[in-house]
Amino acid sequence: MSFNSIISTLPYTYPFLFVDEILQIDEESCTGTYRFPNDSYFYKGHFKDNPVTPGVILTECMAQIGVVCLGSFLLNITNQENPALTENIQIALSSSQIDFFIPVYPGEQIKVVSKKEYFRFNKLKCGVEMFNSNNELVCRGTIAGMIRK
Amino acid sequence: MTDKTILEKIKAIVTPYVQRKEGLEDFDEKTDFLTDLKINSANLVDVILDVEDEFNIEIDNTSMEGMLTAGDAKRIILAKIEN
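Going line by line, the protein sequences match chains A and B. Okay, so the first sequence: first residue is 1 according to this note's numbering, each after it adds one. Okay, so the second sequence: first residue is 1 according to this note's numbering, each after it adds one.
In short, the hints are calculated from the structure, not lab data. This one's a predicted model, so the numbers in the text were calculated from it and none came from an experiment. Even glycine gets a Cβ: it sits at the ideal position worked out from N, Cα and C. It is possible that part of the hints are untrue.
Quick list of simulated restraints, FRET-style, between CB atoms [unchecked claim]:
#, chain 1, residue 1, chain 2, residue 2, range
1, B, 40, A, 27, 24 to 30 Å
2, B, 56, A, 135, 38 to 44 Å
3, A, 44, B, 12, 48 to 54 Å
4, B, 60, A, 56, 35 to 41 Å
5, B, 24, A, 135, 33 to 39 Å
In silico DSS-like pairs for lysine-lysine, Cα to Cα no more than 25 Å straight-line [claimed, not checked]:
#, chain 1, residue 1, chain 2, residue 2
6, B, 38, A, 125
7, B, 21, B, 80
8, A, 125, A, 111
9, B, 38, B, 21
10, B, 80, B, 9
11, A, 125, B, 11
Given these sequences and hints, build the entire structure.
Below you can see the structure in the form of structure tokens.
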């Protein structure tokens with residue numbers, strides 16, 4: 001299983017897929033990147049004549065890379081005899097607590113680093129950080145979701 | 001540890017996750033975590049993890065699925081403590 005084959009198992013597509021590449025993934029952690037395209041639809045309204053990536057979108061990006069990609073990987077390794085099943089993963093965000101430090105502007109590439117706190121009874125809880133291309137901390141927090149095949 | 005002590009500890013553990021606070025007023029063995037207390041499934045996992053820490057036991061998937069009421073939780077905890 002290549003790192004990027006995980007992306008094809010995600011239940012998202014344009015314009016709500018916020019993962020370009022998985023750089024690293026194992027049972028405990030995951031690192032991935034995404035570049036926010038200049039023409040992303042939300043920049044038209046957030047804010048008027050002053051495009052800044054919305055915090056909810058940064059949170060979504062952290063959740064997709066940090067929790068859903070890692071969750072899909074964890075389901076795959078516990079389900080090797082029938083990996084096709086994990087193409088139908090069911091997910092739901094259950095909680096998020098994020099602190100934001102600096103803005104992300106159109107066209108910027110970010111990196112998300114996630115560390116598993118626990119994955120039990122279908123609940124995956126992770127500590128997640130996002131960095132910009134200067135390796136400055138953009139936001140940080142805890143995200144949990146229910147995930148199963 | 002008495003049944004009453006265990007139930008009191010369970011009540012203390014679930015309290016932060018309860019969405020229907022009236023459900024705590026007549027908390028007893030019949031109290032259902034999902035219907036009476038409106039705890040969601042994600043927070044039910046937190047309840048289980050807190051129960052494990054409080055009583056120094058491990059709850060497996062089968063036990064988790066059977067833990068619908070405070071009485072179920074008490075019986076599972078008692079069985080694990082005795083082992």
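Results for each hint:
Distance hint check: the CB atoms of residue 40 (chain B) and residue 27 (chain A) are about 26 Å apart, consistent with the given range 24 to 30 Å. Against the hinted window of 38 to 44 Å, the Cβ-Cβ separation of residue 56 (chain B) and residue 135 (chain A) comes to about 41 Å, which satisfies the hint. Between residue 44 (chain A) and residue 12 (chain B), the C-beta spacing of about 49 Å keeps the proposed range 48 to 54 Å intact. For residue 60 (chain B) and residue 56 (chain A), the hinted distance range of 35 to 41 Å is satisfied, since their beta carbons lie about 37 Å from each other.
Taking the beta carbon of each, residue 24 (chain B) and residue 135 (chain A) are about 47 Å apart, not inside 33 to 39 Å as hinted. For the suggested pair residue 38 (chain B) and residue 125 (chain A), the alpha carbons sit about 21 Å apart, so the restraint of at most 25 Å is met. Distance restraint check for residue 21 (chain B) and residue 80 (chain B): the Cα-Cα separation of roughly 29 Å exceeds the 25 Å cut-off, and the hinted pair is therefore not satisfied. A distance of roughly 19 Å separates the Cα atoms of residue 125 (chain A) and residue 111 (chain A); the hinted pair therefore holds under the 25 Å criterion.
In summary, the hint linking residue 38 (chain B) to residue 21 (chain B) is supported, as the alpha carbons are separated by about 9 Å, within the 25 Å threshold. Restraint check for residue 80 (chain B) and residue 9 (chain B): satisfied, since their Cα atoms lie roughly 16 Å apart, inside the 25 Å limit. Distance check on the hinted pair: residue 125 (chain A) and residue 11 (chain B) sit about 24 Å apart at the alpha-carbon level, within 25 Å; holds.
Checked against the numbered hints above, the structure violates hints 5, 7; every other hint is satisfied.
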